[in-house]
Amino acid sequence: VFAVAFRDRAHGIAVGGDYRPDQTSPRASAVTGDGGRSWRQSATPPPAYRSGVTWLPYSRTAALAVGPTGTDLTLNGGRTWRTVDPGSYDTVDCTPDLGCWAAGEKGRVARLGF
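No gaps in the numbering here: position 60 of the sequence shown is 60 in full-length UniProt numbering, and each next residue is one more.
There's no promise every hint is true.
[To be verified] Here are the computed distance ranges between Cβ atoms for each label pair:
id, residue 1, residue 2, range
1, 84, 10, 38 to 46 Å
2, 103, 39, 24 to 32 Å
3, 57, 2, 18 to 26 Å
4, 105, 38, 18 to 26 Å
5, 60, 97, 26 to 34 Å
Please keep in mind that the hints were generated in silico from the structure rather than gathered at the bench.
Heads up, the beta-carbon is just placed ideally off N, CA and C, and yes, glycines get one too.
Please construct the entire structure, taking both the sequences and the accompanying hints into account.
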């Protein structure tokens, strides 16, 4: 696990996986609904290692995960993910005005539009 985000006291998402290039990560994400006492693997995780995760503001189900091989979106609380951008980022956070910002290697910073 490389990153964890909670939208409230009970609901959280954890992401990670094998950070080595060209390695699949079939267990790259998990979700909890009981404050972290138990975790379930995502049915369809991100396809590879992810280093950052954040919930989208004002959503009970949408979140973003980022990593060296792309950005993924979940619309169902982390149960399934789909890649929305192939760009490389290491960290991500969203602000209450619905702005999501990601940063990565070589000082790359971007506002993600969703």
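Hints and how they fare:
no., hint, result
1, 84 with 10: 38 to 46 Å, "violated (26 Å)"
2, 103 with 39: 24 to 32 Å, "holds (27 Å)"
3, 57 with 2: 18 to 26 Å, "holds (22 Å)"
4, 105 with 38: 18 to 26 Å, "violated (35 Å)"
5, 60 with 97: 26 to 34 Å, "violated (18 Å)"
The structure fails to meet hints 1, 4 and 5 from the earlier list, while all remaining hints are met.
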